[in-house]
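Taken in sequence, the protein lines are chains Z and A.
Under full-length UniProt numbering, residue 1002 is the last one in the first sequence; the count climbs by one each step, no gaps.
Under full-length UniProt numbering, residue 190 is the last one in the second sequence; the count climbs by one each step, no gaps.
Don't take every hint at face value.
[Stated by the list, open to error] The calculated label-pair distances, taken between Cβ atoms and stated as ranges, are:
(1) Z/Lys428 <-> A/Val16: 44 to 50 Å
(2) Z/Asp488 <-> A/Gly85: 54 to 60 Å
(3) Z/Thr872 <-> A/Gly85: 49 to 55 Å
(4) Z/Gly93 <-> A/Val16: 23 to 29 Å
(5) A/Asn9 <-> Z/Asp870: 37 to 43 Å
(6) Z/His901 <-> A/Glu183: 54 to 60 Å
(7) A/Pro4 <-> Z/Asp488: 53 to 59 Å
(8) Z/Ala6 <-> A/Val16: 55 to 61 Å
(9) Z/Pro17 <-> A/Glu183: 32 to 38 Å
(10) A/Ala37 <-> Z/Val632: 44 to 50 Å
(11) Z/His901 <-> A/Pro4: 49 to 55 Å
(12) Z/Lys977 <-> A/Glu183: 27 to 33 Å
(13) A/Pro55 <-> Z/Ala434: 49 to 55 Å
[Stated by the list, open to error] Where chain Z lies over chain A, by a calculated footprint (3+ residues, C-beta under 8 Å):
(14) 16 to 25
(15) 28 to 39
(16) 97 to 104
(17) 120 to 132
(18) 157 to 170
(19) 176 to 183
Keep in mind the hints are simulated off the structure, nothing from the lab.
Backbone N, C-alpha and C fix where the C-beta goes; we use that ideal spot for every residue, glycine too.
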Amino acid sequence: MSTRLAAGGRLLDRAKPVHFTFNGKRFTGVEGDTLASALLANDQMLMGRSFKYHRPRGVVASGAEEPNALVGLGQGARFEPNQRATTTELFDGLTAQSQNHWPSLEFDIGAVNAKLSRFLPAGFYYKTFIAPRPFWKHVYEPIIRQSAGLGKAPKEGDADRYEHFYAFTDVLVIGGGVAGLTAALAAAQSGAQVMVLEQTAHWGGRAPVDGGTVAGQEVSAHVDALVAELSGMDNVRLRLRCMGSGVYDHGYVLGYERLTDHQPEAGGPRHRLWRIRAKQVVTATGAIERPLSFAGNDIPGVMLASAVRDYVVNWAISPGDRTVVVTNNDDAYRTAIALKQAGLEVAAIVDPRPEAGGALTQQARDLGIRVEQGRAVAKVMGAKRVTGVAICPHAGEGAALETIDCDAVAMSGGWSPVVHLWSHCGGKLIWDEAQAHFRPDAERAPTGHDGLPFVTVAGSANGEMGLASGLADACAAGLKAAAAAGFDGTATAPEAEAPEEAPLLPVWLMPQGAGPALRMKAWLDFQNDVKVSDVQLAAQEGFESVEHAKRYTTLGMATDQGKLSNINGLAVLSQSLNTTIPQVGTTTFRPPYTPISMGAIAGEARGETFQPLRRTPMHGWHEKAGAYWEPVGHWRRPYCYPRDGETHAQAVEREINQTRKAVGLLDASTLGKIVVKGPDAGKFLDMLYTNMMSTLKPGRCRYGLMCSENGFLMDDGVVARWDEDTFLCHTTTGGAERIHAHMEEWLQTEWWDWKVYVANVTEQYAQIAVVGPRAREVLEQLGATGMDSQTFPFMAWEDRTVAGIGARIYRISFSGELSYEIAVPASQGLALWEALHKAGAGHGVMAYGTEALHVMRAEKGFIMIGDETDGTVIPQDLGLGWAISKKKTDYLGKRAQQRTHMTDPTRWKLVGLETVDGSVLPDGAYAVADGTNANGQVATQGRVTSTYHSPTLGRGIAMGLVLHGPDRMGEVIEFGKVDGSRVAARIVDPVFFDKDGEKQNV
Amino acid sequence: MSEPVTALNGATYAGVARIAELPRRGMITIRGSQESAALVAAVGAASGGLDMPGPGEAVIAADRMLGWMSPDELLLMLPPAEVAGALAALAEGMAGEHYLAVEVTDARALFSISGEGAVAREVLARLAPVDLSPAAFGPGNFRRTRLAQVPAAFWMLEDGSFELMCFRSVAAYVFGLLCTAGEGDAVGHY
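Chain Z with its partners taken away, still in its complex shape (with noise of 0.2 Å):
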């Protein structure tokens, strides 16, 4: 069983009880545990089940590699799944469950899939489920879903709160062990400001657990000295729990920093996600010991050799009475060294080099250990624990010398640098054949905007595993990237010492003939299920490229993205394609490093700050009036203004009834207005707009289309000349940034040379239609003189002053009706829309809202951008040809509506529709034609792009696209209903109402 020790662990507080949970059983830890550590210390050494054959497993790893020790953490609000035990800190009142198991860790009915393993390989799902498709969707997924999958979705909103940062910097080292210190110092010496990111809680990573004197002192107090020099330097910056989660380009990383993971009472943001620039990036990012793959290596209590070291060093944890280590390297002997001295028994040591071992052997045998060389692991045995393992030659195909008892198992076949960080943004690998992994190749660095390296790698995560080497590396990596950022200095690594270790010998299978029964219980991807078969399989089934394997066997695609599973799965793929390692290659490393949070990845936007939400002058206004918005970009705008008990419809109507009888009033603040200045402007507007503006004369307005230089409609509005240089162009709501920023791109990137200059002032006024026969009236009433037809007739502007408020008024007209638009300064606007609201009154004035609007153009035919356009529809289609200059040599659009495809007389045509029945068309509908398309569908001759119920017409009305539409007047065509039915419309002229447009020349 595992236990606590009586004394040691260096990151405990044995003062400290701490109470948490684990599937409702109640356990207690100390401070300064993991969950992980916590579990161990109370015999849970069972933590999870796996993915595919839900076979029982326990923690495996120490740190952010774990892929078993998976856990759902927190309850309701604060609920998380997927959360590793290694990487949790413990806090009192921590609840946790396992995952992936029914009805109970202990015993699981899902289980039943490892005994039918061998009916499951790689591709079992594809192959199995792929016939009769409709079954996929119906049956098979389902199914598989309810036995498959990690982690539950939490079910209620996050109850925490979440914040980015944004943080400049010249040196970033992502890493606090003690290279990343090392080179931090070097760097910060030379003058540069450096960060310093460590993902776990304590400085010095592997160091203190591994040993070593550095300047004569133990390597703990040197980490220590470190941390203390650093932390007195002002251009220094320390983050402990402060993950490096991703490199990107030109010096942008994200830290992921988890400030109240370990302390949920606390208050403030939960994770805060760091953006950071940095001139140059220090990975020194250390390594991960790889599993070695033996048959039955999943059984709880065979772990990483390196973990076992750093549970019974970090937390003084007995895995169990009698470990066997098993290692193809040196390194993993300080593993039984640290158990023996913890007064553990080391059952064997099994190594499967025919001779071994430098100095550390040697202490081992001194020790008193057993150590079987040229020996290898045929199997563990046990089922929820490991009880033993038998032993043979590592030469042969596993026929069992003898069983030695024990009940942990510590594995090593060698380190693997974490490169993962230096690969994200393009830094290049080099097999490194004496280690037996691939590390950083210096001379393929990821390269930023110049074409140099912005990235330099420190110590063990450059593949420099010894202690002296890699605090040299680590020195010279702050140096090199320092003098990048353009700060010279010089600083030299402190002397070290370290055992001597032997060469280790690449084991990728244990024992290297293990026949087929041994390699379908050896795994290589723990989390995933796969297993050191289904890797042949794939190669066998001709997966050659380690990308498709990959996907092929799920190898290294679940949470821990196969970070210990990688180098040993592309291992036994080269062996099976008879290749190298370096021609496999490795799959594609992409951030995060490990999972980060929606929460962060969010930051402030959620609840009210989600969107930016725009309001106008008189948002208040009409909320406070019960308007039903309507999202028009970012901005809301009433759709109606429903009563008591009305529908919108009704509501709709009435609107419209009163505008067209009296006056209405609508808020049209949204649309965009851009001014236009400048010598060319004239000029700059006949390219811009597909009719002429240089001849408008100031004072008066004139409608305008715009077009993409693929002939495209993308906007219209009304453009009113202020003076001889300059006009207000109106955009549509949406339009408003969009064509500011077109404009700006034509006189940026092709007129440069034009004198013009553009300013967007949307926001700047507020803009209240004023629409009605009764319009000029209410307007009359406050204030405002001379707006008969004579001095100011139909499309023109004046200035005027309206209840006192100075304005400029477009009489425009979107309606129909007699029509006035005003523009006062915003923080005017409101006062203007309660005047005139009172001043109105006797004539039962409303505001009406975006539906009504829509209607009433409709009613008189004109277009809508985004109704009657869809990127695709050029003005020549909607019987715009009046609106298009025949005299200008050019403008936007041009070239490309003279195109054969924009010229073919088959285009569909913009016309009017109204229903034989009197009915509204649905909206998008296709009018039907006479026999099927290649497709066997049936053919189409038209399309509905608006259609509303008319309540001044009384019946539906609508307009569409339809084949040689104007040339059929009067014709009756169908158009098919979503339920199959059709309806008939005849074919009219889209003006429906006041044709003449007497309304509004009054």
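Chain Z is already provided as a structure; the job is to place chain A on it using the hints.
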């Protein structure tokens, strides 16, 4: 003319940081070549004698300010009552020259952000991709940038507090951002 109304009626918030919507200020967007002697002179006359700011800077006096918006754009702030006069002065000084000057007083909302020590810096560093370290951003620095999802500009005053402007329509959103970021919990980065 009614009493002019700002977007949030002078809303305030006091957390660790203090956030307040500021009263209206006259604002004029000026576009023109900053190389032009005529423009420099006209802007000087219109602004009551403010010097031209360098890139990323604002020239700040008691009740007025001239901020650098882009190589061909300046922002002049001054008491609202002086806007018409300033526009006239610009028109006079730039007669026959190519330029644009337009009032944008009501197109914006203004906020102040203050607090002890580095609090105000940290509020903005949570929202804007700007180096707000004392070495990089001090009094007189002016930055046109974004605040979370919307455009904004801010500048630092002599006392270490900031003023910020955004478009009027998103004033409530920006106030919400600043309050959230001003709740407290020092980052301790500066």
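Verification of the supplied hints:
Range check, Z/Lys428 to A/Val16: Cβ separation about 46 Å, and the 44 to 50 Å hint holds. Checked against the given bound of 54 to 60 Å, the beta carbons of Z/Asp488 and A/Gly85, roughly 55 Å apart, stay inside it. Evaluation of the 49 to 55 Å hint for Z/Thr872 and A/Gly85 yields a pass: the beta carbon distance comes to about 51 Å. At roughly 27 Å, the beta-carbon separation of Z/Gly93 and A/Val16 lies within the given 23 to 29 Å, and the hint holds.
At roughly 41 Å, the beta carbons of A/Asn9 and Z/Asp870 sit within the given window of 37 to 43 Å. Distance hint check for Z/His901 and A/Glu183: the Cβ-Cβ separation is about 57 Å, which falls inside the suggested range of 54 to 60 Å. Taken as a hint, the range 53 to 59 Å holds for the pair A/Pro4 and Z/Asp488, whose Cβ atoms sit roughly 57 Å apart. The hint said 55 to 61 Å for the Cβ distance between Z/Ala6 and A/Val16, and at roughly 46 Å that hint is violated.
Against the hinted window of 32 to 38 Å, the Cβ-Cβ separation of Z/Pro17 and A/Glu183 comes to about 33 Å, which satisfies the hint. For A/Ala37 paired with Z/Val632, a C-beta distance near 45 Å keeps the hint of 44 to 50 Å intact. A C-beta distance of roughly 53 Å is found between Z/His901 and A/Pro4, which places it inside the suggested range of 49 to 55 Å. As the Cβ distance of Z/Lys977 to A/Glu183 is approximately 54 Å, the hint placing it in 27 to 33 Å is violated.
Against the hinted window of 49 to 55 Å, the Cβ-Cβ separation of A/Pro55 and Z/Ala434 comes to about 54 Å, which satisfies the hint. Proximity of the stretch 16 to 25 of chain A to chain Z, defined as three or more residues with a beta carbon under 8 Å from a beta carbon of that chain, is not established by the 1 residues found. Judged by the Cβ-Cβ criterion of 8 Å, the stretch 28 to 39 of chain A is covered by chain Z as claimed, because 3 of its residues qualify and three suffice. Under a criterion of three residues with beta carbons nearer than 8 Å to beta carbons of chain Z, the stated coverage of the stretch 97 to 104 of chain A is upheld, 6 such residues being counted.
Proximity of the stretch 120 to 132 of chain A to chain Z, defined as three or more residues with a beta carbon under 8 Å from a beta carbon of that chain, is established by the 9 residues found. Residues of the stretch 157 to 170 of chain A with a Cβ under 8 Å from some Cβ of chain Z number 4, which satisfies the need for three, so the listed coverage holds. Counting residues of the stretch 176 to 183 of chain A whose CB lies closer than 8 Å to any CB of chain Z gives 5, which reaches the minimum of 3, so the coverage claim holds.
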